[in-house]
Structures are given as C-alpha cells and as structure tokens.
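Each residue of the sequence shown is one higher than the last, beginning at 1 in our numbering.
By construction, these hints were calculated from the structure, which means they are not laboratory data.
Predicted model, so just to flag it, every value in this text is computed and none were measured.
Dumping the calculated PhoX-like pairs for lysine-lysine here, alpha-carbon to alpha-carbon at most 20 angstroms:
| id | residue 1 | residue 2 |
| --- | --- | --- |
| 1 | K78 | K118 |
| 2 | K162 | K127 |
| 3 | K162 | K135 |
| 4 | K30 | K110 |
| 5 | K78 | K110 |
| 6 | K66 | K10 |
| 7 | K10 | K73 |
| 8 | K118 | K135 |
| 9 | K66 | K78 |
| 10 | K78 | K127 |
| 11 | K135 | K78 |
| 12 | K128 | K118 |
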Amino acid sequence: MGLFSALSGKIYRFNSINIPIDNGIAARIKELDESSTERILLTMSFGITQEMVGLIFHPDNGIFRKSLDSLTKESLEKTYYVLMDLSVSQIIQAPMLNINSENLISSFAKISQSTVDKKTEDIEVYKKADSGVMKAYESICLNLNRQGDAQSAIPFGTSFLKIYNEVITKLVEAIYNK
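Make the full structure from the sequences, and use the hints.
Structure, rendered in structure tokens:
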C-alpha cells in the first residue's frame, strides 16, 4: 500500500469498516463443529472472499478503490456475502467434491445470519447465471452504486477464478494426497 494511501487515511478508514465484518464472520465460522466438512468449506469460501476484498478495494490499484470514500459497513458487508455466495456456489458445483449442499447452505445461513431459504435463493442466482462471476461483479457494482465496465469486470473475473482455482487445487491435493 502506498504512502499516500496511508497518509490520506484511506487504509485506516477501510480497516475500521472491514475488520469488524471480517472478525464477525470468522468468529461465526469458528462456532461451527471443528471437524465438520462445512466448516472447512466455509473457511475456504471466506478465504477466497478475504483475498478478493483485499484486491478489489486495494487503495492503490483495486478496481473499486474509488468507492473507498463512500464505503459503508452495509455496502462492504453486502460485498462480503456476494463473494461468499459466489464462492459457495462454485464449491457446490465442483465435480470432484462430493458435497452435501443442504448442510453447507444451512451452515452458511448461520454464519451469514440469514435463512436457509434466502441463502439457497442467493446461491441459485450464481448457479443459474451464464457467468456467476459476472453476476457477482454486477451485484457488487450495484451495492457500491458504481457503474460496471469491461475494464474492471475482466480483472475481477480473472482474479476470482485464479484464487478459486488455487484453493480448489489445494483442497483436491489434500483429499487425494497428491
């Protein structure tokens, strides 16, 4: 992060909004059964989300850096859950994982302080979309009152897919001892 970003207070402002949201989600994940598959998968989803939030709001080169001044707790929290909805939908669709999606969605509803029906509906939006990643990008733009464009949509999509693929590859290697 650049010196100007630090001196301008953008980093402090972002962290003052981000850290309580991040800590709240992490604490709710820790409340899940330690040995459950759902906790592992939701930790993965949360890790993907944390990486994406750090990238897209980076004060020097994040695609949503111009939204930092108007960022609110509500808009950032919505962004977290859009990204988690997307990553959970992608994890559910991973062909090499035999996932009980009902249990995963139920646990996800608990940590997102939502209902199972609402989380099922949210995840289905990404599963049914031509591109779940682009649907998430559009949702985040809407949450932030930003106009989306191809110049930022492409880096958003490639960043998400790169992070997701790295996480899934590590999970598959751990499962199959590769």
